[in-house]
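Asker: Sequence:
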Amino acid sequence: MLEPGAMLSIGPLHFSASVLSVVLALLLYGFWIKRVEEKREGIQSFLQAGSNALLAGLLLYKLWPVLEAGKAVWLQPSRWLLYSGGAYGLEAAAVGGLLVFALQAFRGKWPLERTIEWTLSAFAFLAAVYSIVVKQYGMETEGWGWVLKGSYYLPVNALHAGVMVLLIAMLTFSRSRAHFVRRERIGLLLMGIGLWAILYVALTPSESIQTGWRSYREEMGLASVYAGAWILLRRRS
28 MLEPGAMLSI
38 GPLHFSASVL
48 SVVLALLLYG
58 FWIKRVEEKR
68 EGIQSFLQAG
78 SNALLAGLLL
88 YKLWPVLEAG
98 KAVWLQPSRW
108 LLYSGGAYGL
118 EAAAVGGLLV
128 FALQAFRGKW
138 PLERTIEWTL
148 SAFAFLAAVY
158 SIVVKQYGME
168 TEGWGWVLKG
178 SYYLPVNALH
188 AGVMVLLIAM
198 LTFSRSRAHF
208 VRRERIGLLL
218 MGIGLWAILY
228 VALTPSESIQ
238 TGWRSYREEM
248 GLASVYAGAW
258 ILLRRRS
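If you're matching positions, the sequence shown starts at 28 in this note's numbering and goes up one per residue.
Be careful, since some hints might not be right.
[What the hints assert, rightly or not] Simulated pairs of lysine-lysine, DSS-like, Cα-Cα distance not exceeding 25 Å:
id: 1; residue 1: Lys162; residue 2: Lys176
id: 2; residue 1: Lys162; residue 2: Lys89
id: 3; residue 1: Lys61; residue 2: Lys136
It should be emphasised that the hints constitute simulated quantities derived from the structure, not laboratory data.
Sequences and hints are given; from them, build the entire structure.
Answerer: This is the structure we're talking about:
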């Protein structure tokens with residue numbers, strides 16, 4: 028497993044562990060969705076849109092420091108390969124990628140329920156892969172867990188990975204049951220992702236989360252769990 032913030036080098040290019048997780052998750056998700064989805068029309072365009080969004084995000088992530096630096100770097104293309112990321116670089120890449128993806132979804136007039144399910148399941152793969160690839164440190168423990176500067180910390184990413192892998196397994200199993208329809212799978216995904224968000228807040232030290240982000244993420248997690256439960260119960264009633 029990689030440390031948070033670890034950078035990987037491929038020739039002159041430098042990418043973070045987060046970017047590596049996104050690439051691996053997209054590859055695994057493409058392999059999975061092609062084998063479990065019965066209605067395969069649209070899968071290729073969805074995956075292509077995801078690939079385009081990823082490339083746009085990577086490009087923006089790579090060039091973000093150049094955009095921030097101004098003319099001093101703009102006029103020296105030879106220096107562009109030396110930089111990547113920077114302040115809010117990952118956030119900018121995520122927003123840029125999402126905009127590219129949303130534009131392709133709008134132009135392709137994708138069915139809403141199918142798009143929601145595929146997008147949520149892709150996020151589940153991303154969360155699972157990230158939790159497997161990158162260490163996440165929780166509360167300090169007594170003699171077990173990840174070691175950092177001589178202290179032991181709860182391996183939060185192991186719990187996150189367990190939740191998301193279980194969610195993916197349940198999602199895969201539900202597809203083999205004819206009575207488990209797409210809307211119910213969306214409810215299941217919302218509940219699993221909401222639980223994942225709540226666990227993150229509950230097990231991560233408060234000083235590791237930006238001010239205001241803790242309560243926001245917890246509220247969104249609870250809302251996701253409630254929405255998922257409502258969808259499942261409404262379908263069963």
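Asker: Decide, hint by hint, whether the structure agrees.
Answerer: Status of each hint after checking the structure:
{"no.": "1", "hint": "Lys162 to Lys176", "in the structure": "holds, 14 Å"}
{"no.": "2", "hint": "Lys162 to Lys89", "in the structure": "holds, 23 Å"}
{"no.": "3", "hint": "Lys61 to Lys136", "in the structure": "holds, 20 Å"}
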